[in-house]
Amino acid sequence: MSITLSNISKRFGAFSALNNINLEIPDGDLVALLGPSGCGKTTLLRIIAGLEQADQGDVFLRGDKVTDKSVKNRHIGFVFQHYALFRHMTVFDNIAFGLRVKPSKDRPSEAVIRKRVHDLLSLVQLDWLHDRFPDQLSGGQRQRIALARALAVEPSVLLLDEPFGALDASVRKDLRLWLRHLHHELDVTTIFVTHDQEEAMEVASQIVVLNKGKIEQKGTPSEIYDSPSNDFVSHFIGQTNVFDLQKGDSAWLKSAGIVLDDAEGITAHVRPHHIGVEKLSDGSASPIILKDWQHLGATIRLELSNEGLNGSAKTIYAEMPSDQFKQLGLDKGDKVSLFIKHAHWFNLAKPQVPEAATDFYV
Amino acid sequence: MSQSNIMPGFRPAIGFTLFYLALIVLIPLSAMLLKTFQLSLDEYWAILTNPRVLASFRVSFGSALIAAAFSGIFGFIIAWTLVRYPFPGKKVFDALIDLPFALPTAVAGIVLAAIYEPKGWIGKLVMEAFGIQIAYKPLGIVFALIFIGLPFVVRTIEPVLQEFDKAMEEAAASLGATRLQTFIKVILPNILPAAITGFALAFARGVGEYGSVIFIAGNMPYVSEIVPLLIITKLEQYDYAGATAIGLTMLLLSFLLLLSVNGLQWWVRRRSGQL
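Residue numbers (the working numbering), protein chains in the order written: chain R, 1 to 362; chain B, 1 to 275.
Just chain R, with the same shape it has in the complex (with noise of 0.2 Å):
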């Protein structure tokens, strides 16, 4: 195990930030904390730096228990979400930072901290940049170097705090497959922080899910998606459709085939892809309509109404491929069957138990 943390709890003042946390990562891994903004993932990533001191808990780094080290003696990299370059240096000397600050026993030569500079250069492929200052350049060139700087001392761990949050969303893009591969090429145990989901899902190989200071659930993407935990996973990550059938949401289930015998504290969790649409002749008794729909390029999206039905006004939505969609015929006001292909169970009444979430097949 390479990070192992033990009944990490953090509190700020009366607000409880973390609450008994445990977690192992393993070597190798490429994780993402992933929640909702306050939910404690930064503060914890910042206990395993040594940023930031826990209450109660012990932090272990590749089976050496490094609670009372300081940042300076944990052999981290760290990347910090606005960089934190240091603005007075060009791109040269930030990177050489680290180096350059060893004991003078450990210290390279000049000419070695010179060739791993570059080397790491051309690693984030920005190497013509070397004589830079921080403030001449891009976000996600900032980014790049800030990683480089992290690197240059060799860390065991690399933790970083939303490295692509402050990035346009096309940069952003291009950054997360890149890390993603960078990471295949260094092999060096990383963890980000991150609140977008669909970042944590291209990018890490493992996701821990966080809310309120608690991990709700660790696992592969594809785990984390299908098999939610609990109502929170399942309602974070992706699209879903809500139903609480006390509610009175049950006349949607009932329209799509679905008859419970008791609804109370139940809700259904259904993925947009999980419904599929059927067109009905303008006379049937359906009393859903489709109201509108947008083309997202390879899928579509339709917007459901059951305006007509009894109680529960209100609209979901369903994805479909394109031409599916175009197979299909439909147009804005058509009377519409709805099935339900797939769908999590969640007792809200017990919303940890996931006794409920027994998939159900139609």
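Don't read these hints as lab results, they were simulated from the structure. Glycine included, C-beta positions come from ideal geometry on N, C-alpha and C. Certain hints may be false.
Claimed, not checked - Beta-carbon label-pair distances, calculated as ranges:
| no. | chain 1 | residue 1 | chain 2 | residue 2 | range |
| --- | --- | --- | --- | --- | --- |
| 1 | B | PHE93 | R | ARG114 | 45 to 55 Å |
| 2 | B | ALA69 | R | GLU198 | 49 to 59 Å |
| 3 | R | GLN136 | B | GLU43 | 51 to 61 Å |
| 4 | B | PRO159 | R | LYS314 | 51 to 61 Å |
| 5 | B | ILE6 | R | GLY139 | 20 to 30 Å |
| 6 | B | ASP165 | R | GLN56 | 25 to 35 Å |
| 7 | R | LEU177 | B | ILE73 | 43 to 53 Å |
| 8 | B | ILE73 | R | ARG114 | 34 to 44 Å |
| 9 | B | PHE93 | R | GLN56 | 33 to 43 Å |
As the list claims (entries may be wrong) - Pairs of lysine-lysine, DSBU-like flavour, derived with a Cα cap of 30 Å:
| no. | chain 1 | residue 1 | chain 2 | residue 2 |
| --- | --- | --- | --- | --- |
| 10 | R | LYS65 | R | LYS102 |
| 11 | R | LYS291 | R | LYS279 |
| 12 | R | LYS69 | R | LYS212 |
| 13 | R | LYS247 | R | LYS279 |
| 14 | B | LYS185 | B | LYS166 |
| 15 | B | LYS91 | B | LYS166 |
| 16 | R | LYS314 | R | LYS247 |
| 17 | B | LYS166 | R | LYS65 |
| 18 | B | LYS137 | B | LYS124 |
| 19 | R | LYS214 | R | LYS247 |
| 20 | R | LYS341 | R | LYS326 |
| 21 | R | LYS212 | R | LYS247 |
| 22 | R | LYS341 | R | LYS218 |
| 23 | B | LYS166 | R | LYS212 |
| 24 | R | LYS105 | R | LYS69 |
| 25 | R | LYS341 | R | LYS291 |
| 26 | R | LYS65 | R | LYS105 |
| 27 | B | LYS35 | B | LYS234 |
| 28 | B | LYS166 | R | LYS72 |
| 29 | R | LYS115 | R | LYS72 |
| 30 | R | LYS102 | B | LYS166 |
| 31 | B | LYS166 | R | LYS214 |
| 32 | R | LYS69 | B | LYS166 |
| 33 | B | LYS185 | R | LYS69 |
| 34 | R | LYS279 | R | LYS314 |
| 35 | R | LYS335 | R | LYS247 |
| 36 | B | LYS185 | R | LYS115 |
| 37 | B | LYS185 | R | LYS105 |
| 38 | R | LYS279 | R | LYS332 |
| 39 | R | LYS173 | R | LYS218 |
| 40 | R | LYS115 | R | LYS105 |
Take the given structure of chain R and dock chain B to it, following the hints.
Below, chain B without anything else, positioned relative to chain R:
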């Protein structure tokens, strides 16, 4: 100037600026220059090389430089404390920093002299402990000028420290830098331009300071007599040309010193990518 600016008013603004500079700065200074030209070059040189005048220049510029250096160090520590650490009464303390700006300098001088004179509260202790006399000696001038110069340094460094991104310190630590290395290699270079500005302001103020110094200096010719006092003395003797000659020289020297400080400033900023 086409009307592409959102805020109009280039002409009146530049007009006012030029008018102001002429009326308040340039005309009085040229008057001084003209008055000095009543002297021949030999006379001018004789006034300047008078041993008493030379000594007063040494006292004025020397004590202002030493005081500005100390103000720089003390001011940095105080600004650091005010920005970084919460403590009770911080707001009051913060307000007290500006007091030397507002206090009539003569009042400050009298109070300082009373405290630091050999029989004063602190002066007595220092006298007994180290045998050093503060007031009525050049050291007293330095004390008064530190008192006057400190707020300039604190107020120029404070906003820069406030804006300083603490993540840079954390980054340095995460890269293995010691606290001393972090301070010298990361914090100091970012604060230095502001510290130099504060130093220059404190120095400029110190050279021209009159009110607070004359009460504590002792005003012994050749030892603790400052240039402004010498000018006043000449004026009292109706030696206007002599007074302006000294004044003009002082102006030129101050200008040259500030120019070199600005040059240093430019060099520091350029080296650290802030230009």
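Next on the checklist: Assuming the hint says 45 to 55 Å, is it satisfied by the Cβ distance from PHE93(B) to ARG114(R) or not?
Outcome noted: Holds, at about 48 Å.
Item to check | 30 Å limit on alpha-carbon distance, applied to hinted pair LYS115(R) and LYS105(R) | outcome: With a Cα-Cα distance of about 19 Å, the restraint between LYS115(R) and LYS105(R) holds, given a limit of 30 Å.
Next on the checklist: LYS69(R) and LYS166(B) were given as a pair; does the straight-line alpha-carbon distance stay at or below 30 Å?
Outcome noted: 20 Å, holds
Next on the checklist: Please verify whether LYS173(R) and LYS218(R) have alpha carbons no more than 30 Å apart.
Outcome noted: 24 Å, holds
Checklist entry - Going straight from one Cα to the other, do LYS341(R) and LYS218(R) come out at no more than 30 Å? => result Answer holds: LYS341(R) to LYS218(R) is near 25 Å, not above 30 Å.
Item to check | Holds or violated: LYS335(R) to LYS247(R), with C-alpha atoms at most 30 Å apart | outcome: 24 Å, holds
Checklist entry - Given the hinted pair LYS91(B) and LYS166(B), is their alpha-carbon gap at most 30 Å? => result 22 Å, holds
Checklist entry - Straight-line Cα separation of LYS166(B) and LYS214(R) no greater than 30 Å? => result With Cα atoms ~28 Å apart, LYS166(B) and LYS214(R) stay inside 30 Å; holds.
Item to check | 25 to 35 Å as the expected CB spacing between GLN56(R) and ASP165(B), which holds or is violated | outcome: Roughly 30 Å apart at Cβ, these two residues keep to the hinted range, so it holds.
Next on the checklist: Would the hint linking LYS185(B) and LYS105(R) be met if the CA-CA limit is 30 Å?
Outcome noted: 19 Å, holds
Checklist entry - Is 51 to 61 Å a correct range for the gap between the Cβ atoms of GLN136(R) and GLU43(B)? => result 56 Å, holds
Checklist entry - Do the beta carbons of LEU177(R) and ILE73(B) sit within 43 to 53 Å of each other? => result Holds - the Cβ-Cβ distance for LEU177(R) and ILE73(B), about 51 Å, lies within 43 to 53 Å.
Consistency note: the structure conflicts with none of the earlier hints.
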